[in-house]
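Join the two chains, each given in its own frame, into one complex according to the hints.
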Amino acid sequence: MKNPLDTLWGTVITGLVLTVVLYYLARAMMGG
Amino acid sequence: MGEFIQHGLGRWLHIMSGVMWIGLLYYFNFVQVDALKKAAADNPPTGAGITKHVAPRALLFFRYGALATVLFGLMILGGKAGQALLFQEKAYVPIGIGGWLGLIMFFNVWAIIWPNQKKILGMVPASDEEKNKARRAAFLASRTNTALSIPMLFFMSSSALFHAPMFA
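Chains as they are written, first to last, in the working numbering: chain P, 1 to 32; chain E, 1 to 168.
Isolated chain E, as found in the complex (with noise of 0.2 Å):
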């Protein structure tokens, strides 16, 4: 049962969420960023109802996504994440690459991204001068996930590569 829960419903869960973070990461790089940017040049502008309505639900449900995820993650790796994650377990640095990776991304959601997207949606008091560097600050942690997402995606689903005979 202690397995069916942590390896079956565990997997399960991780898998679900990072989809929810991961797909809306990419909802905000491929769509929401340039769209808003089109929508501003507008005349008159026409981005108000998706920084009004979308953004902060979309916000939302990326950042619990990303905690989901992690917590799950973790969940999955028991009493063996510190054996991946220190890379103590020549097996386990796969996945110990794609657990720091996943981390890095999650300190970006909730240290960067979320507290100066509550600057730019104006959830917190900030001048126009602390909203565009929170901007800036934001886009460019959202693009460096977007990047790292890559390689953790890869490194998530390459056990099967790793430890084929074919590099044994």
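For reference, chain P alone in the conformation it holds in the complex (with noise of 0.2 Å):
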């Protein structure tokens, strides 16, 4: 599988991705 972070588009869908996961983790640890 081709590395994501070799493309600019790659590296900003990764970011935007790990942003929607974080946001819930954080939800979660704030009680939801």
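Worth flagging that the hints you see were computed from the coordinates, not collected in a lab.
Note that the structure is predicted; figures quoted are calculated from it, not measured.
A couple of the hints might just be wrong.
To be verified - In silico DSS-like pairs for lysine-lysine, Cα to Cα no more than 27 Å straight-line:
no.	chain 1	residue 1	chain 2	residue 2
1	E	K80	P	K2
2	E	K38	E	K131
3	E	K133	E	K38
4	E	K37	E	K90
5	E	K133	E	K119
6	P	K2	E	K131
7	E	K119	E	K131
8	E	K119	E	K38
9	E	K37	E	K52
10	E	K37	P	K2
11	E	K37	E	K133
12	E	K52	P	K2
Here is the structure:
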């Protein structure tokens, strides 16, 4: 599999996906 | 007066140095990497001026911008830094996550990107093979920081979102 960080779009999409994941993690840590 | 220095001056300088750091990070990733690739393909190659005059200066402001951003960030958090970074207080979870992302990025700058860039730019002796390895390591750390900057900036600026009545 190609490393998504090798392309700019892959990097930006990785960052956006991570943002969504961490957002829900933060909500869960704060009690929903 | 202490409050003004910590939260007024501190926040202002944190944002200014953060713009310097992340602005240069975006310059490297969105501009310089592709520009150097195209310059290397020219006949004769035309990227020497960038690597000789632009990159070292950009890296100087980049790494000290990172240092200043982290120091002013810790200054703003003050005595609450521990609670935020250890997620001991629910209200500080978003800034704790943003802070951790910033600290990981800071580590990448000083422990991976800068030592490898010194080899690439010829500031420390390195064989061609070592330079190639250094190029890949610095590139991936820089791209990792670009990806991490997206959630980092979200958590740095999202307190209103997390603490708005709609989520209460």
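Outcome of the hint check:
1. For the given pair, E/K80 sits about 41 Å from P/K2 by alpha-carbon distance, which is inconsistent with the 27 Å threshold.
2. Between E/K38 and E/K131 the alpha-carbon distance is near 19 Å, which keeps this suggested pair within the 27 Å criterion.
3. For the hint pairing E/K133 with E/K38, the CA-to-CA distance comes to about 21 Å; that is within 27 Å, so the pair holds.
4. For the given pair, E/K37 sits about 46 Å from E/K90 by alpha-carbon distance, which is inconsistent with the 27 Å threshold.
5. About 10 Å separates the Cα atoms of E/K133 and E/K119, which keeps this hinted pair within 27 Å; it holds.
6. The straight-line distance between the Cα atoms of P/K2 and E/K131 is roughly 22 Å, inside the 27 Å bound, and the hint therefore holds.
7. For the suggested pair E/K119 and E/K131, the alpha carbons sit about 6 Å apart, so the restraint of at most 27 Å is met.
8. The straight-line distance between the Cα atoms of E/K119 and E/K38 is roughly 21 Å, inside the 27 Å bound, and the hint therefore holds.
9. Distance check on the hinted pair: E/K37 and E/K52 sit about 15 Å apart at the alpha-carbon level, within 27 Å; holds.
10. The suggested pairing of E/K37 with P/K2 holds, with an alpha-carbon distance near 19 Å, which does not exceed 27 Å.
11. Of the supplied pair hints, the one linking E/K37 and E/K133 holds, its CA atoms being roughly 17 Å apart against a limit of 27 Å.
12. Proximity of E/K52 to P/K2 is assessed by CA-CA distance (about 31 Å); at most 27 Å being required, the pair is judged violated.
In this structure, the hints that do not hold are numbers 1, 4 and 12, in rising order.
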